[in-house]
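Undergrad: Sequence:
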Amino acid sequence: MEGANDSVLSEFVFLGLTNSWGIQSLLFVFSSMFYVAVMMGNSLIVFTVASEPHLHSPMYFLLSNLSFIDLGLSSVISPKMIYDLFRTNKVISFRGCITQIFFIHVIGGVEMVLLIAMAFDRYVAICKPLHYLTIMSPRMCIFFSVIDWVVGLMHSVVQLTFVVKLSFCGPNVLDSFYCDLPRFIKLACTDTYQLEFMVRANSDFFSVGFFFILIISYIVIIVSVQKHSSAGSSKALSTLSSHITVVVLFFGPLIFI
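Numbered by the numbering used here, the letters in the sequence shown go through residues 9 to 265 in order.
Any given hint might turn out to be false.
[Unchecked claim] In silico DMTMM-like pairs for lysine to aspartate or glutamate, Cα to Cα no more than 20 Å straight-line:
| id | residue 1 | residue 2 |
| --- | --- | --- |
| 1 | 88 | 19 |
| 2 | 98 | 183 |
| 3 | 98 | 19 |
No wet-lab data here; the hints were simulated from the structure.
I would like the entire structure built from these sequences, with the hints used as guidance.
TA: This is the structure in structure tokens:
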């Protein structure tokens, strides 16, 4: 990466979340607790699904994949952020910043596509229960896993293609606690207005597009459920509620940012 541009900066400095010692202490406690909880919870899900034969079904296969991806997504930013809370000089190398941007977009893209795969799984289970195991075969599950990573990698590579040739000659201060791509681009020596627009447009199209696909898919499922018995509808809607909660919690902050 470093050889692909004319950057003279070897590191970037984060401003962080706050300079208040008291708030930093609270953030350290809560961030550490949440990070440990996320790591333990998702690790437990992955281990349980892998070790229990009766959980070797398409739904739990996709769930364990989601937990594995959440482990990676949580670990891209959180450890560095927690470590920097009590550091006066919050720095990250140029290579480290590029690496962080790369994995944020890879894992984020993978999770978006995986959520669509999980919505498709619920659609088949609810609307075509007799054909569920035929449609959601092991080959189909592996196909979804491959597509997840291909799309995530393509999205991240496209994003980095926009910035790999930029020159950075100062300043090197990022008003953030992680390497946020739009803020990173603003530090380039040249005019980056068009580049910022392209990066934002790509991210917006990717996140908002997948969000609306998921919303449409859930509407289709709910409409289909209403045609069945009330007992079946109640059971199906309770199954969907957890999926919809995950989608809202994931895409809500993402679209807001």
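Undergrad: Could you run down the list of hints and mark each one as holding or not?
TA: Here is how each hint holds up against the structure:
For the suggested pair residue 88 and residue 19, the alpha carbons sit about 15 Å apart, so the restraint of at most 20 Å is met. Distance check on the hinted pair: residue 98 and residue 183 sit about 11 Å apart at the alpha-carbon level, within 20 Å; holds. Between residue 98 and residue 19 the CA atoms are separated by roughly 10 Å; this keeps the pair inside 20 Å, and the hint holds.
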